[in-house]
Structure formats: C-alpha cells, structure tokens
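**Student:** If you want the building blocks of each chain, they are given just below.
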Amino acid sequence: MTETDDYEHYEAVVVGAGPGGAAAAAVLAQQGVETLVLERGVDAGSKNVSGGLLFAEESAPYTLDDLFPDFREEATERPVTESYMHNVAGDQVHTIDLEDVHEAGVEYCDSVLRRKMDSWLADQVHELARETGGGLLTEVRANGLLRENGEIVGVTCDELDPIRADVVIAADGVNSELARDAGMMNWDEPDDYFQGVKAVVDMPEGAIEERFDVDDGEGASHLFAGDLFDGVRGGGFLYTNDDTLSIGTVFHLDSIADERAEPQQLLDGLLTHPLLAQWLGDDYEELEYSAKLVPDSKKVAHPSPHQGRLLLVGDAAGQMQAQGPIIKGMNHAVSAGALAAEAFVDSRTRGTSSAGDLYEQKLRSEGVMDDLRPARYRASRAVTESDAVSGFTDALVDSFVGRAGVSLLGGTVESLFNSQFLLGMIPDTKTSYVTIPQVLGEELGEPIEGGPSQVEPPDLADRIGDLTYNTDVGNPHIEVLDESYDASGTAVTACPVSAEDFGGGCYRSETVERDGTEERVVSLDTQPCVECGTCAVVADTDWEHPRGGKGVEYEQG
Amino acid sequence: MHCVTLTKGVPDFREGQVSFDEDGHLERGDTPTVMNPNDEPALRAALQTKIRNGGTTSVMSMGPPGYGDVLREAMESVYADDLYLLSDREMAAADTWATAITVATGLKRLEPDLVFAGFKTADGETGHTGPQTAWCLDWPLVTHVVALDVDADEGVLRAKRLVEGDVDEIETVEAPLPAFVVADPEFDPSYRKAAHRLKHKDLREETRARAQNHEDHLTVWDHEDLNLDPDFIGLDGSPTIVEGVDPIPRAPAERDATMVDPSDEDAMGDVVEELTQYAGGD
Ligand SMILES: Cc1cc2nc3c(=O)[nH]c(=O)nc-3n(C[C@H](O)[C@H](O)[C@H](O)COP(=O)(O)OP(=O)(O)OC[C@H]3O[C@@H](n4cnc5c(N)ncnc54)[C@H](O)[C@@H]3O)c2cc1C
Ligand code: SF4
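In the order they appear, the protein sequences are chains H and R. Note that the working numbering numbers the first sequence so that position 170 is 170, with each residue one more than the last. Note that the working numbering numbers the second sequence so that position 257 is 1257, with each residue one more than the last.
Hint data in this document are derived by calculation from the structure and do not stem from the laboratory. Any given hint could be a false lead.
Distance condition first, Cα-Cα at most 20 angstroms in a straight line; then the derived EDC-like pairs of lysine to aspartate or glutamate [as the list claims (entries may be wrong)]:
(1) 1201(R) - 127(H)
(2) 1201(R) - 43(H)
(3) 1108(R) - 1229(R)
(4) 1193(R) - 259(H)
(5) 1199(R) - 127(H)
(6) 1201(R) - 202(H)
(7) 1199(R) - 159(H)
(8) 1199(R) - 370(H)
(9) 1201(R) - 1073(R)
(10) 116(H) - 202(H)
(11) 1201(R) - 139(H)
(12) 1120(R) - 1095(R)
(13) 1108(R) - 1138(R)
(14) 1199(R) - 202(H)
(15) 1160(R) - 1123(R)
(16) 1193(R) - 131(H)
(17) 1108(R) - 1012(R)
(18) 1120(R) - 1012(R)
(19) 299(H) - 370(H)
(20) 1199(R) - 259(H)
(21) 1120(R) - 1081(R)
(22) 430(H) - 259(H)
(23) 1193(R) - 158(H)
(24) 1201(R) - 1076(R)
(25) 1199(R) - 1081(R)
(26) 1193(R) - 159(H)
(27) 1201(R) - 259(H)
If you only want the chain R side, here are some residues facing chain H, beta carbon under 7 angstroms, derived [unchecked claim]:
(28) 1192
(29) 1193
(30) 1194
(31) 1197
(32) 1198
Calculated from the model, a selection of chain H residues having no Cβ within reach of chain R, i.e. all distances over 12 angstroms [stated by the list, open to error]:
(33) 69
(34) 126
(35) 160
(36) 218
(37) 285
(38) 361
(39) 456
(40) 487
Heads up, the beta-carbon is just placed ideally off N, CA and C, and yes, glycines get one too.
Isolated chain R (complex conformation) (with noise of 0.2 angstroms):
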C-alpha cells in the first residue's frame, strides 16, 4: 500500500504568532509558516493505513523552497518514508485549481494506492483544491472521512463519512483503490490491536531519527521534472481573479448588558419576569 498525503504551509494563526498590518491584512514576513492544521486528520488516516495495512507513507506539498520545517514537521506526524516538493517560480501563485493540476500531475508520477488531503487549509479556506486534485487523476472521491478502513486483498477501501457537518448522520461508503479521501476534523484513527499500537511505537522511533536530516528523503520538482506547461500552471494557469481583500469588521455589539447581583432578591426577580415572557417558546 502506498499512500500520499497532501500538506500545505499556511500562515501560523495562532495568538502571539500572526501578525497583521494596520489595515488589517496579514503581514506574511513577520508571521511564521506551518503546517496546514486542518491537514493533521489526513495525516492522522494516512498513518493509521501504514500501521494497519503496512507499505509507504509519502508526504507531497508544493510551495516555496522554504517549506523545509512544514515537510519535516508532517514526516514527524505521519512517519513518512519519503517527501515531495514541488516547487518553482513557475508554479508561483496558483489558485486551487492550477494547484490541483500541478499535484495530480505530481501524483501520477508516483502511482500511489490511496492520496489523503484536508478537509481545507487555514489560509485559503476553500477546501477545492483535494476535490479538484481527485477530479484531475479521475479518481473516486470520497470526503468527510471520520473512520477508515483499507482492504488491500479486496482492492477497496471502506469509510465512516459524516453527512452533514454537525447532526451525527453516518453514512458508510465503499470505493474502490485508488480513491483519494478527504479526512474530516472528526477523524478517529483506531488501533484494537496491540501489534498495531507496537508498530506505531516503532515507527515514531524510527522517524524521529529519519525527521532530522528529512532533506535526505526529500525529492524536489520543478514544471520541467513534471513536464508541465508553465501557460496552464502558476499564475498564469488560474483563472480565479482575486478583486480585492476586506477584512471582516467586527460586529457590533447590539444589546446592552445590565450587570445583576445575584443575591440582590428584586433585581433577580426583574431577571426572572424578563425571562418568563420567552418561557412560552415562542
């Protein structure tokens, strides 16, 4: 089984960490680069699939050359064998769907089993650009994955997907091999057996130690290795005109709050009376 998971580098979002100018636009050079969040559930299926079916785990991103701590940091969480990068001027500015073209042709190279992707990165929030990928290789396409599992004999994989986002409806899929899949934030990686769980231990030692010189196991790509035509990729390939970037006011505040002291019995009173008006449902 050789599985690829797709990561991307975004801004890091966190408190103390993102840094915005005045006019409320991201000041790229002072806020670090990290790995896509939303990426961890695909990282987290594609593991639990090395673990429980055995064979490769590789790690694809395309991005500037910088993107070194992002692969290294994703080897770590999936214990990856090898990464991917592909990267040059050409592939520069991208929308999702040059991106898409540039991954799937990346992909095929590779011949894997089964590709995992976000369900969205942090920065760009479209979640197109799995769909598009699965859409460019003609494979079956199957999202919001909460719960895998992978028959290598059969040549199927068997999912857990949510329906809906929040109401707990389950629907239970089956596609055949290769498929590209989706992982949602809910995805529970499972490990009943203890030589699942043993070889998840040898594994993070393992990679540990491959994590620290990853350049090692990094192969790098550029529009002529993947013999892409610079017209249908980068900038030039993506027909998303951006128009321009407001960021979002804050909302104001409509209702003022009036502050109770609880064991002030009156005012406590005036809370209840004010409360009950609603109390019919309506």
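Extracted from the complex, chain H is given alone in its bound form (with noise of 0.2 angstroms):
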C-alpha cells in the first residue's frame, strides 16, 4: 500500500468476494498483483444465494478447483451425477432423463451451498492477497466509484476513506452498484431479469441416498416444469447437498410482476406438490429461505463490460446464463473474473491495450460471450418471443395437432431436450416454460404415485424470524421514490418477503385519503429485506445494498 494525498492505493481492487471476485483475485494475487478485496456480508457468503449447481465446463478457460488446490474436497457439497426434468400436468408427470445434457462437456458438477462455498474461497483469497500486500476484508461496503477529472481512479466505501486502484474488478454481483455509478447497467426492464427463491431442507443421516437412489458421495438434481406454477414463466430445482436438499424456483421477473405472483407461494407450491413427497418424506424442516434476482444473460450480458480502469465480471456484468432449465453463472463468473485479471497482467507488462479492450477479447476468444449471448438465441428470439408469434404457438401446441405431434414424438422428446443446441434456442415464452412441459405431462405423462403431500412449509412470518439480521435501526437502504400503488406496488407481490394482507414484510399496501380522495399506496419497512434487488426493478426506489456488515446473513446461502 502506499498513500498518496491520503488515500490508499492499491494496484488493483475487487468489489465483491462471489465466485467472480475470487476468481480475480486468485489471478491477480498469484501473478504478484498487490490485491484488494472489499465484500460487505460480515462472511463471504453471507449474502449470497445460488441453486447450488457449479458446472466445471471442459472448454472453461478456468475453473475453481483449477485456481484453488482442495476446492471440492473442502467447499462443495456432493458431485451431482444425476439429472432429470420432471414435467408436470395434474396428477401426472413425464419425467426425462437429462443426463446427456448435464454431462455434455461438463468435467464435473457439484452442489454447493454459497456460505460455505464463499468463506472457504475468502479465507484462500486473504492469504494469497496478503503475500501481495493486499488480502480482503468483509463489512466493507463500496458505495461508488472515486473519480478525477472524469476518469475512474478508485471506488469509495461506506466504511473506508476512498481508496485508488490501477484496475477496479466490479465482482460486486446482479445489483452491481459500480456498474449503476458508471451507466452501464440499468435495473429498469424486469425482463433483464429472473427471480430466484429457494429453501435449504434438513435430511436425516442417510435419507439421501435412500429416497434419492444415489451412492454415499453422489447426488442428483430434479427440474420442474409444466402447470404447477399457476402460469408463471420458469421452474423448479432440487438439489442434494451433504445432507440437505436446496429446493427453489427461477421464474422471469416479468412474468413474476405482470401475473402479480406471490414467490413464496410458487415455492410451496413446489414443495408440497405430491411428486415432491418421495423425497422430502413427512418431516419437513426448513433451515432457510433466501431469494436473490439473477441477470439473463440472453438480453443483459454487456457486449462491452469495461470502462477506464472498470473491469465487471459475473453477475454485475449480466454474465448469467440460463439454459433452458439449467442455471449458470458461478462458473461464467469464474471465467470471467479469472480472464478480467489475466488482461490486467497482460496490459502491465505487453503496456499496448488496455486491460478493458483485453478483458472483452478473451471472453470472446475463450467462448465465453458465446455461450451468454448465442447467436442462436438472438436470431429466434425476434421472431419467437413476439406476442403475436408466441400465442400462436403455445395454442398450436395445446391444439389437436400439436398435441398429437408430441405424443408421436415419444422416446425423441428426450434426446430433444438433451440437445445443447436447442436449449440455447428456447425461447423466453410461455410456449416453452409451461405448455410444453404441460403437455407433455399430459401426452406422456404417468400418474404420480403415493398420496398427497405431508409437506408443510413454514409461513412468511416464520420464514423471516427464523433468518438472521443485523439491522442498520434509522438507515434504510431502500427508498421509495414513488409511494402510489401504480408505480411501486407490484412490490407488495414480488418482494419474495412480502405479500398482499401480509403486515409483516417490507412492502404493504394500503389506501388513504388525500384531498378528500382515497389513494392506495404502498410503505416499506426495509427490516426483513432480504436484498434480493426485486424492488429495485419493480418499484420506483432509490436502491442501495446495507452498509457493510448489515442486513440479511444467510447461513447456508
């Protein structure tokens, strides 16, 4: 570290201890790079919230286990060799075998669990950083970015004095605060965006391997579609960890908003559903509920991910990419961390580009922008996502002869949905989130076996006690700019920690009177916000992150 007029400098400083920020900084720091990690959760981790399915991809340019020796031994759940995709209509269910797809060039997949994921990485992190003269510090915040004479030249921080930097890696995540400060991420368009929401489950000792037919070590993944989401976009999860299940739904956030769905109870449709019954048993006890937006990488990935000294990797740079019903962005995130760092090094010493123009060329010369944004997709998705179009589809699918051509289809369905090349092609539309999977439950389907469901999910009220906070009392991060139902009351549904007739969560509704007029209105109460960064595209709201070391504290992430 050395000082100038006061403040610090540091060659290069991650905003962000995810998967991206790690990546990074593993780079940066094994290249001799004085590094600097900022990350605002009281653990790395503390924050975050993922389905659980790292993909380690053969063509990845890195990966964790690459950068940090003992990664799986030490921070992942089980190696999911298992993957099927249930689609459901009624009481019936046309389940098929995803194996190829899973495997299709995948070294390796694990379940992970981010708490202990993100602190295992973060305590790696420090001590490579440290031997840099850098290391990383949880309970920072960075605010902003510092700049002179327009330039980028640093990031300021809640709890620190502003700190300079040679490269700024904005590791930072979906609701990237740095990427905002620079323009080059807007949170308007809920279309940009899915919503996640997900419960951790407690698993007897052996539970696993019996209700799941799986060998001690080895796990399995389950995806949903079809009707049991009331029409939403998107689908459901199941993942076994060492010995816990993540549980969770990814739905458009438009269709999440447009519908006016309440999450948590698109969740306990899911989990109480009869054909979840084989595997949750009759004891259900949740350890967590956590939410958390996450960027489509589809329409968001950001061609151009630089600015100056400003490097955005991973979530913050729409790096997410959803593939049909597979979700990756930790692995994207670690290539692009990695790649960004790499491109720092190699502008130091090549001295002719400057690491942004580098960054950009290696996520396309390593593939990496191809697989977030397929040419594939952006030429289908003009003709198949218009309304027109879409509607046409999905009843040519319900109708007669859609139907028909589905049930011929039989056993091919299968090596339909394995094919890579056409999940990168699935358009965002109902068609293909519901009426397909809807279907072909009801073509193909078989009953689903054993009685209804035992299932009883935990309410909002108790889903809320039962998550840690540390509340900033006086200083809410959230402000809501315009109070009437119109602007910001799709909140009241989407906020994953509220609902309509629903007094205990951040948003409620309510009608007062004005002028001698009733005007219905919405009011927050930033307490149980679980800063999943809904609000910020649904609402009208001055949106920040809690200052370091506050908020929401995930255990199991």
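Starting from the two chains in their separate frames, assemble the complex, guided by the hints.
**Tutor:** So, in structure tokens, the structure goes:
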C-alpha cells in the first residue's frame, strides 16, 4: 500500500467476494499484483444465494479447482451425477433423463451452498492476497466509483476512506452499484432478470442416499416445469447437498410482476406438490429461506463490460446463462473474473492495449461471450418472442395437432431436451416453460404415485423470523420514490418477503385519504429485506445495499 | 509507540454466574473472576493505537496469581504483546490509593508512551484508580474519551471527550505524550484505512496463537522487584477504612397498577381522563 494525498492506493481493488471476485483476486495475487478485496457481508457468502450446481465445463478457461487446490474436498457438497426433468400436468408427470445434456462438455458438476463455499474461498484469497500486500476485508461496502477529471481512479466506501487503484474489478453481483454508477447497467426492465427463491431443507442421515437412490458421495438434480406454477414462466429445481436439499424456483421477473404472483407461494406450490413427497418425507424442516435476482445473459450480458479502469465480471456484467432450465452463473463468473485479472496483468506487461480491451477480447476468444449471448437465440428471439407468434405457437402446441405431434415424438422428446443446441434457442415464452411441459405431462405422463404431500412449509412470518438480520436502525437502504400503487405496488407481491394481506413484510399496500380522495399507496419497512434486488426493478425506488455487515446474514446461501 | 492497558479481575456479575449469601453479600468463592467489563473500551483504544500507530501493547494488572485467565482474555482483546502481573501478599487488600502507587511504580518501569484505563471497575465502582495512577505518574490525564488520534511525530494525542455523561457535548483536547487516557464506554475505534483493517486481521491470527501460551509472555513482579516499601502498599498502605457494607434494599413499589383491557372502551376512557390532567405540562 502506498499513500498519495491521504488516499490509499492498491494496484487492484476487487469488489465482491463471490465466485467472480474470488477467481479474479486469486489470479491477480498469483501474478504478484497487490490486491485488495472488499466484501460487504460479515463473511463472504453471507449475502449470496444460488440454486447450487457449479458446473466445471471442459471448455472453460478457468475453474475453481484449477485456482484453488482442495476446492472440491473442502468447499462443495456432492458431485451431482444424475439429472432429471419432470414435466408436470395435474396428477401426471413425464420424466426425462437429462443425463446427456447434464454431462455434455462438463468435467464435473457439484452442488454447493454459498456460505460454506464463498467463505472458504475468501480465506484462501485472503492468504494469497496478503502475500502481495493486500488482502480481503469483510463488512466493507463500496458505494461508488472514485473519479478524477471524469476518469475512474478507484472506489469509495461506506466504511473506508476512498481508495485508488490501477484496476477496479466489479464482481459485486446482480444489483451492481458500481456498474450502475458507471452507467453500464440500468435496473429498469423486469424481463432482463429472473427471480430465484430457495429453501434449504434438512435431511436425516442416510435419507438422501435412500430417497434419491444415489451412493454416498453422489447426488441428484431434479428440475420441474409444467402446470405447478399457475402459468408463471419458470421452473423449479431440487439439488442434493451433503445432508440438506436445496429446493427452489426461478421465474422470469416480468412474469412474476405481470401475474402479480407471490414468489413464496410458488415455492410452496413446488414443496407441497405430491411429486416431491417421495423425497421430502413426512418431517419437513426448513433451515433457510432465501431469494435473489439473476440477470439473463441472453438479454443483458454486457458486450463490452469495461470502462476505463473498471472491469465488470459475473452477474455485475449480466454474465448469467440460463440454458433452458439449467442455470449457469457461477462458472461464468469464475471464467470472467479470471480473464479480467489476466487481462490486467497482460496489459501491464505489454503496455499496448488497455486491460478492458484485452478482457473483452478474451471473453470472445475463450467462447464465454458465445455461451452468454448465443447467436442462435438472438436470431430466433425476434420471431419467437413476439406476442403474436408466441400466442400462436402456444395455441398450436396445445391444440389437437400439436398434442398429436408431441405424442408421436415419444422417446425423441428426451433427445430433444438433451440437445445443447436446442436449449440455447429456447425462447422465453409461455410455450417453452409452461405449455410444452404441461402437454408432455398430459400426453406422455404417468400418474404420480403416492398420496398427497405431508409437507407444511413455514409461513412467511416464520421464514423471516428464522433469518438472521443485523438491522441498520434508522438507516434504511431502500427508499420508495413514488409510493403510488401504480408505480410501486408490484413490489407488494413480487418482493419475496412481502405479500398482499401480510403486515410483517417489507412492502405493504394501504388506502389513504388525501384531499378528500382515496388513494392506494405502498409503504416500506426494510427490516425483513433479504436484498434480492427485485424492488429495484419492479418499483420506483432509490435502491442501495445496506452498509457493510448490516442486513440479512445467510447461514446456508 | 508503547501502550499499556490496565485491567483488573472482577466477580462475574452476570445473571447465572454471580452468587450472594442470605445477607446479600457476594460469595467470592462461588463467583468466577472475569476481566472487568468496563476495561473493554480501554482495550479497544489501545488496540486502535497499536494498529494505527504501530508499536507494542502490554497489559498490566495487580492481583492474585490466579489472574491468568483475566490476562489471557485481555491479551486476546487487545492483541497484547506481553503481560505484567503485580502480585504478592504485601499488595493484597489495597484500596485505590495503594493500588495507584503500586501500579504507577510498575508503569514507570515500562516507560510507556500511553496508558489506558477503564472508567471504573465493576466491583468497587469508584473510578479513582485511573486518575490516581496518572497523578502518581504526574502525567496529563484525559478522561471520558470517545475518539482518539495519536500523532507520534508531534508527540501528542488528540482526543474527543464527553463533557457530560448523557449530554451530547463533546470537546476536543490535545495532550503531550506520555499521557494517561481513560476510555469512555462510548469509545468508538475508527479504522478508515484498508491497511489498518488488514493489520487488525493479521494481529487477530497472531494473538490467537500467542494467547494459547499466554504464560510465556507473562512477567510477575512482587514488591521487592518494584522496590516498594510494604508499609505504603496493600492493606497497610490503604488510608480507606471500610466501615461496613449494606446491601441496597429493593425499592418498594409505591403505586398500584390497574390493568386495563384495551378493547374496553369505558376503561380506556377512564385512562384518557386520568392522563388529561397531566397534559397541560404541569
Ligand atoms: C435461486 C438461484 C439459483 C441459482 N442457481 C444457480 C446454479 O445452479 N448454478 C449456477 O452456476 N448459478 C446459479 N445461480 C446464479 C449464481 O448464483 C450467480 O450467477 C453467481 O453467484 C454470480 O457470481 P458473482 O461472483 O458474479 O456474484 P455474487 O455471487 O452475487 O457475488 C457478489 C458479491 O459481492 C458482494 N457485494 C455486492 N455489492 C457489494 C458492494 N457494494 N461492496 C462490497 N461487496 C459487495 C456480495 O455480498 C457478494 O458476496 C442461481 C442464482 C439464484 C438466485
Ligand atoms: S424489499 Fe426489495 S430488495 Fe428487499 S427483499 Fe423485498 S424486493 Fe427484495
């Protein structure tokens, strides 16, 4: 560390200690770059949620176990060796073995829980970075970019004086405040995002092996689509951890908003579905409820994710790939983080191109960009996602002709779903998420065995009550700018810890009298907020993350 | 910069730990000894100085040989480099005056730049020992400190101190080093540099290992080591005479409470009526 005009200087500042930040910092530190990592959580991972499948792709330029020896032994849950897709229609289900697509080009796929994984990574990163004179600090929130003569020269923080850096790697996740400060991400369009909601469920010893028919040290993935989500576009997942299950839903945020869907109810719909009874058993014990937005790379992966000294990686750059029902964000964040670090090191030694330009080149030459914004999707989207066309295909699949077609396909359905090519092309319409799975379930499905579900998920008040918060009393991190129901009312339903007719959540709607007329408005209490980012997009707010160490603290993640 | 923090073992007054006999007297034998909780702000202030200004930090205490755990606890919270225990029979049963003389003598040996003390002990509650020690040393004394900045180059400290306990009146004072600082419970350490926080992390790791074998870092001095005359320390050197100790009786409740059901409109009306007579502000 050197000091100029009282500001500290580090060669590299990495904001965020998720997989993207950890990978970037590891590569920087291994190359001897003095690296400071800033993480706002009390512990890395305490703010983070993922469904939990970490893919190590053969084509990936970097994977976490390349960068961190012992990663898989120390930080992941189970290698997931089996994968199924369940298309549900009423009391029928048609199950497809996704083995081919799950394994295609994949070296391994492990289930992970983020608190354990990220905090382990952070310890390794701190040790590596300390050698360079830097290190990793938790409970520090970067709140913006430090500029000089209009150029980005570092970061500003709530807890620290401004810090200068030769490169700033923003790995601060989906609601990146640094990307927003740079004007590189706007948080306006719900259809740029998915919303993920998850429950981590306790499993008695031996239950996973028995109920999922897997060996000790092996795991399974089950995906769900069809008519179990009231027509909201999206699907469900269930992954096995060491001794817990991660069960969740991922929906298009625009669909959640338009349908006025209650995310926790959609999750409950999955948890209490008779199909899941075989795995959940009679004693349902939920350890943690969590939620977070996920960007849709097909729409928002930044084609040129850098500006001056600022390089965006991972979710902050929109690099989150939803390949149909299979979600790949962590692996791309790792690749991008490491490539950004590599680019900075290269630009320093060569001195010809900027780190940003080199980073952009590397994203392309390493094929990361192709995964994130497949040309096939871009070409087909224009046609398939327009309302007229999707309405037509929806009706067609659902029609007698379409149904006959689906039935005739029979076993071929499986190979279609197992096609990487096709998955990349899947349009984000109701047809692909709801109608096709539902028709498959109806036409080819078999009755779901077993009785009704005994699962009784906790209500929202209990879910909030079970979470740990360090509330920043008197210092709310979100402010509603327009409290009219028209502008911000969607948050009452779309917020995963709020609901209409529930007074204990973040958003509430109420009718007030103003100047003799009745008005419907929303009010906000950020105390139960899980910082998912939804209301930054669906409501008119001034949205920030809480200060370092404040807010929700996930134990599982 | 060499800082010394003074600390003391006190009975653990927390619910479930402390025990009293029938007459309300403390049962010393059944009550564990812990580090005086009011010393924590002093430890925080010393740690801040060590981290921001570098140098070493020692912890000093006067007490029986069994204070090892208290000193270990202090070592962990201030990431102390070494520990000093002033201990022998002649020092026992000292009042604050005799304690101050003993501790000041020990401090002179170490020649520190700064000494930190808590604002009072949880048992005696006099708040005298710190100031009396400063007086013995003839050093500037800064009390009720809530924020501290040490300027080693200029050889001064600048402190923000509470002027009156519960009023938000704060004054900034400057004092030459060496100086004696009594930290207020409101003391808030400030680490606005990443480098300071990184060092904090390093020290935490280092100290954790050191505190495991804290005896290796402990120096015990008796009155002979300090060249102190037994007549002036311990019980013999204590001018304070404790005439007796009276347990404070629980204050009897003077008023009767009347329970009111909030859905009972009549009863609520009575409450409002009852309160309106005070509403005028008199
Ligand atoms: C329900 C759900 C299911 C998912 N399933 C999968 C899956 O199965 N497989 C998969 O690969 N991906 C999945 N994802 C996506 C995946 O979680 C993300 O793509 C991935 O975490 C992105 O990594 P990142 O490093 O870019 O950001 P993050 O992991 O979000 O990390 C960002 C870090 O930055 C910190 N931070 C944020 N702002 C600041 C600030 N201002 N100052 C300091 N620190 C800050 C945060 O605390 C956090 O630690 C899922 C996501 C969700 C929500
Ligand atoms: S208040 Fe906003 S950010 Fe917080 S949980 Fe609700 S929707 Fe998410």
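**Student:** Next pair to validate is residue 1201(R) with residue 1076(R); report whether the Cα-Cα distance is within 20 angstroms.
**Tutor:** 13 angstroms, holds
**Student:** With the threshold set at 20 angstroms, check whether the alpha-carbon distance from residue 1193(R) to residue 259(H) stays at or below it.
**Tutor:** 48 angstroms, violated
**Student:** Is the Cβ of residue 69(H) farther than 12 angstroms from every Cβ of chain R?
**Tutor:** About 21 angstroms separates residue 69(H) from the closest Cβ of chain R, which puts it past 12 angstroms; holds.
**Student:** Can you confirm whether the C-alpha distance between residue 1108(R) and residue 1012(R) stays at or below 20 angstroms?
**Tutor:** 31 angstroms, violated
**Student:** If I take the minimum Cβ distance from residue 285(H) to any residue of chain R, is it greater than 12 angstroms?
**Tutor:** 30 angstroms, holds
**Student:** Have a go at the residue 1198(R) hint: is there a Cβ in chain H nearer than 7 angstroms to its own Cβ?
**Tutor:** Interface hint status for residue 1198(R): holds (4 angstroms vs cutoff 7 angstroms).
**Student:** Does residue 1199(R) pair with residue 370(H) here, judged by a C-alpha cut-off of 20 angstroms?
**Tutor:** 43 angstroms, violated
**Student:** Holds or violated: residue 1199(R) with residue 259(H), Cα cutoff 20 angstroms?
**Tutor:** 52 angstroms, violated
**Student:** Could you grab the alpha-carbon distance between residue 1201(R) and residue 259(H) and see if it respects the 20 angstroms cut-off?
**Tutor:** With Cα atoms ~49 angstroms apart, residue 1201(R) and residue 259(H) exceed 20 angstroms; violated.
**Student:** Given the hint that residue 1201(R) pairs with residue 139(H), test it: the Cα-Cα distance must not exceed 20 angstroms.
**Tutor:** Holds. Residue 1201(R) to residue 139(H) sits at ~13 angstroms (cutoff 20 angstroms).
**Student:** Please settle this one: residue 456(H) was flagged as non-interface, so is its CB more than 12 angstroms from every CB on chain R?
**Tutor:** Answer for residue 456(H): holds, closest chain R Cβ roughly 32 angstroms.
**Student:** Would the hint linking residue 1199(R) and residue 202(H) be met if the CA-CA limit is 20 angstroms?
**Tutor:** 39 angstroms, violated
Hints 4, 6, 8, 14, 15, 17, 20, 21, 27, 34 and 35 from the earlier list are contradicted by this structure; the remaining hints agree with it.
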